Every structure is written in structure tokens, then in C-alpha cells.
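Chemist: Below, each chain spelled out in residue letters.
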Amino acid sequence: MCHVTSVVPVAKMVGSNRIVQGQGIVHVMGNADLPAEEEKELRRKTVLQAIEALKNEAPST
Amino acid sequence: MRVVHYLNQFFGGIGGEEHADTEFQVHDEPVGPGRLLEQILGEDAQIVRTIVCGDNYATENMGALTAFVVEKTEEAQADLFVAGPCFEAGRYGVAAAGLCVAVSSELDIPVVTGMATENPGVDLHRQSLFIVDSGQNAAAMRDVLTKMSEMAHKLAEGCQIGSPEEEGYIARGILKDAFVEDTAAERLVAMLSAKVNGEYFASELPAPSFPAITSPAPVVDMSTAKVAIITDGGLVPAGNPDNISAWAATNWGAYDISGKDGLQGDDYEVSHRGYDTRYVEQSPDRLVPVDALRELEESNIIGELHNKFFSTSGLVNPIANSRRLGREIAEQLKESEIDAVILTST
Chain H
1 MCHVTSVVPV AKMVGSNRIV QGQGIVHVMG NADLPAEEEK ELRRKTVLQA
51 IEALKNEAPS T
Chain P
1 MRVVHYLNQF FGGIGGEEHA DTEFQVHDEP VGPGRLLEQI LGEDAQIVRT
51 IVCGDNYATE NMGALTAFVV EKTEEAQADL FVAGPCFEAG RYGVAAAGLC
101 VAVSSELDIP VVTGMATENP GVDLHRQSLF IVDSGQNAAA MRDVLTKMSE
151 MAHKLAEGCQ IGSPEEEGYI ARGILKDAFV EDTAAERLVA MLSAKVNGEY
201 FASELPAPSF PAITSPAPVV DMSTAKVAII TDGGLVPAGN PDNISAWAAT
251 NWGAYDISGK DGLQGDDYEV SHRGYDTRYV EQSPDRLVPV DALRELEESN
301 IIGELHNKFF STSGLVNPIA NSRRLGREIA EQLKESEIDA VILTST
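Here the protein sequences line up with chains H and P, keeping their order. Under our numbering, the first residue of the first sequence is numbered 1, with each subsequent residue one higher. Under our numbering, the first residue of the second sequence is numbered 1, with each subsequent residue one higher.
Keep in mind that the hints were calculated from the coordinates and are not lab data. The structure displayed is predicted, hence computed values, not measured ones. By construction, the Cβ of each residue, glycine as well, lies at the ideal position given by its N, Cα and C atoms.
Pair by pair, the computed Cβ-Cβ distance ranges are:
| # | chain 1 | residue 1 | chain 2 | residue 2 | range |
| --- | --- | --- | --- | --- | --- |
| 1 | P | 29 | H | 12 | 47 to 53 Å |
| 2 | H | 57 | P | 251 | 32 to 38 Å |
| 3 | H | 41 | P | 172 | 46 to 52 Å |
| 4 | P | 298 | H | 49 | 17 to 23 Å |
| 5 | H | 12 | P | 217 | 19 to 25 Å |
| 6 | P | 298 | H | 21 | 23 to 29 Å |
| 7 | H | 7 | P | 188 | 26 to 32 Å |
| 8 | H | 35 | P | 198 | 56 to 62 Å |
| 9 | H | 41 | P | 56 | 43 to 49 Å |
| 10 | P | 259 | H | 49 | 22 to 28 Å |
Below 25 Å or equal to it, Euclidean Cα-Cα: the simulated DMTMM-like pairs (lysine to aspartate or glutamate) are:
| # | chain 1 | residue 1 | chain 2 | residue 2 |
| --- | --- | --- | --- | --- |
| 11 | H | 55 | P | 339 |
| 12 | P | 226 | P | 298 |
| 13 | H | 12 | P | 331 |
| 14 | P | 260 | H | 39 |
| 15 | H | 55 | P | 335 |
| 16 | P | 72 | P | 60 |
| 17 | H | 40 | P | 256 |
Here chain H stands alone, though its shape is the one from the complex:
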């Protein structure tokens, strides 16, 4: 599992092994200030980061 969140300290506290920094509490996987195409690209990048994390070893907590 990869945890995508904007509140990384909480993810660490509860013991998530794979964490990706989200884009904000109100839009973890986007950014409402960006034009639609750029936002979609940002989302794609965030999801790819998560997939990369899933493919790699992660430390136990």
C-alpha cells in the first residue's frame, strides 16, 4: 500500500511504510488553482510516484 496524504507526520505516526506527499488537504490528488490539463498532469505524476513507491523496498516502522 502507498499512502498519499498531505499530512505526512500523521502517516508516519500511524506507521505507513510507503508515503507520498499529497498536493493539499482539500485536493490530495490535484490542485484546483491549475488549469485542467496541468492539474491532470500533476495528478498523473503523483500517482506515478505512488506506483514507484509500490515497486520499491520500504522500511518497516
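For chain H, the structure is supplied; the task is to place chain P on it using the hints.
Modeler: Frame of chain H, contents of chain P only:
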């Protein structure tokens, strides 16, 4: 005092993990640690029945096991039901605690179990049970059974049960009002001076503890992996069909996304009172990124996007409850043979 005792296959003398699928069985006598328990409970107590069941069988057939145990305990005219102690054995603890809750509510007799604080059975049922803290070491069986026996006698005699520290059971998360002499400021300063002087002090508000989590192995080949999305941000179909509460949610939902290239705001709403939900309601992909994952599925970067996403609201949720929701969703993931999960949290 007539006692019915529940044991798993290991303590019931059947065998180890290779016998974990053993069906429940009944012995009209004490078995394994039950013999010592009977001795410690004293002359008035007799273990009239022992029910033994394999851990896997118990986990997979909890409904049938519960009905069986309640029936057999009632039939034995028991005055006390004891399960375990289970130490760190998770499936055993979950079954023992569940059985204690069922026997207590259906037959209204005292129930006692014991397990380590880390046992998932504690998370599930600590609030409704007095679970004796067994620690992790099964070699301490005699001490643990002694504590369980003391608890059993107190419950049977209708005694008032004191605080967890006094009685040796695992804190149930219940706050009780009490009068104290000193103000909060005075207690705070006293605690601080004790700390500075290297003396003993106890926090009045213990922080929750989180057990270490072993990292799951990497997914070697994402291009053949089945990926599911989970969120605790409360995205639900319009109308919130499962009535997922906006805070302290007690349930979760699984929502179909077959054939969807992305999520439309009109089809969904957010049940979560902890953040400004407008942006997600405009475009739910901002929380549950179906559009991006669908593209990655088409370009074969991932094998398959699971046809449902899982959702609950992660706001002000007691930890024990959150763990239960997580366990239930994990069961679904296993059934659906999911290889990897992306969890989005607000």
C-alpha cells in the same frame, strides 16, 4: 461454580499451525491450561466443558462458532465463561474476545479472557470486556491464570472493578470522573519537577501507541498488478447510499467504477466534516484518481484498476474503530486478489 473454557487448537493440544483448520470440538473436562485454571480457581470451581477450535476455522466461521459456543455454554449451565489466555496470538484473541462478548450478552454470565495489549482482539472488544493483560510470554501462564481467576471471582461476586492499574486488566478507554485536590496547574508543575528530577510521574492523558508495521514486499511487476484505490476522505455516490457518517464513521463502502474514465462531480458527494470538500465535489478525481489510473491501465503501466473504490470518513475516529474498518477492507482486498493499494487521506 461451573466453568466453560475456550481454547485454540494449540493450547487445546491438537497441534500447531498445520491444525489451524480444525473444526470446533467439545470435551466435558478441563484441557491443557484448563487443568491449571481449575486448580487456581479453587475448590468451588469446576471446568465442566472445554471447547477447542482451530484458529483459521474460528476466523472463517465466527458466526457458526459463536452460536455453537453460546449453545454449549448455556447447556452446561455455566456460571462463568473463560477464553484463553491468548497472549499475542491474533486470530485466537479475536475469536476469544468475540466469544466473550457473545456469551456475556446472550447468557448474562461473567466472562474473562486474557491477551497481550497488542492483540487485535483488544482493539475489537476492549470496551465491553475486562481483558486481563497477559503480556507476550506464554511461560507466564500460571501468573496470567491467577490474574484471570481473581478477575473471575470478582465478577462472579458482583464486586466493583477498580482501575486497570489496580486490577491488571487492559484499559477499556472509559473515562471516570474523580475529585482531585490539586488544580491542573499544580499537577502540571508537580509532574514537570518530577520529570526534571528523574522521579516517577504518570501522564494523565496517555498518548495512543501504534505498533510497528512490517513493510510489505514491493510489487515486482506493476504492469500485471491489480490496483485498488481506498480513501478516508469520505467520497460516496450522491445520496450516500451506505449512510457513511461524516465523522466517527462506523462503516465503509465499495463503489463501482467499471467502465469509468474518470469521476463526475454530479455523481458523488463527500461525507466528511473535517475539510473543505468543494474541490473534491467539483472533481472527485482529486481524491480518488480514477482518470489517471485508467490511463495508466490503458498504457499498461499498471495491470488492472480494481472495479470498485473503497471509501470511509477518517475524521475523529477512535483508533480501535479505524483498525476494524481497515481490517474489514483488507479482507475484501484479499478476496478480490488485489496486489497493490493506493490510499488517499485528506
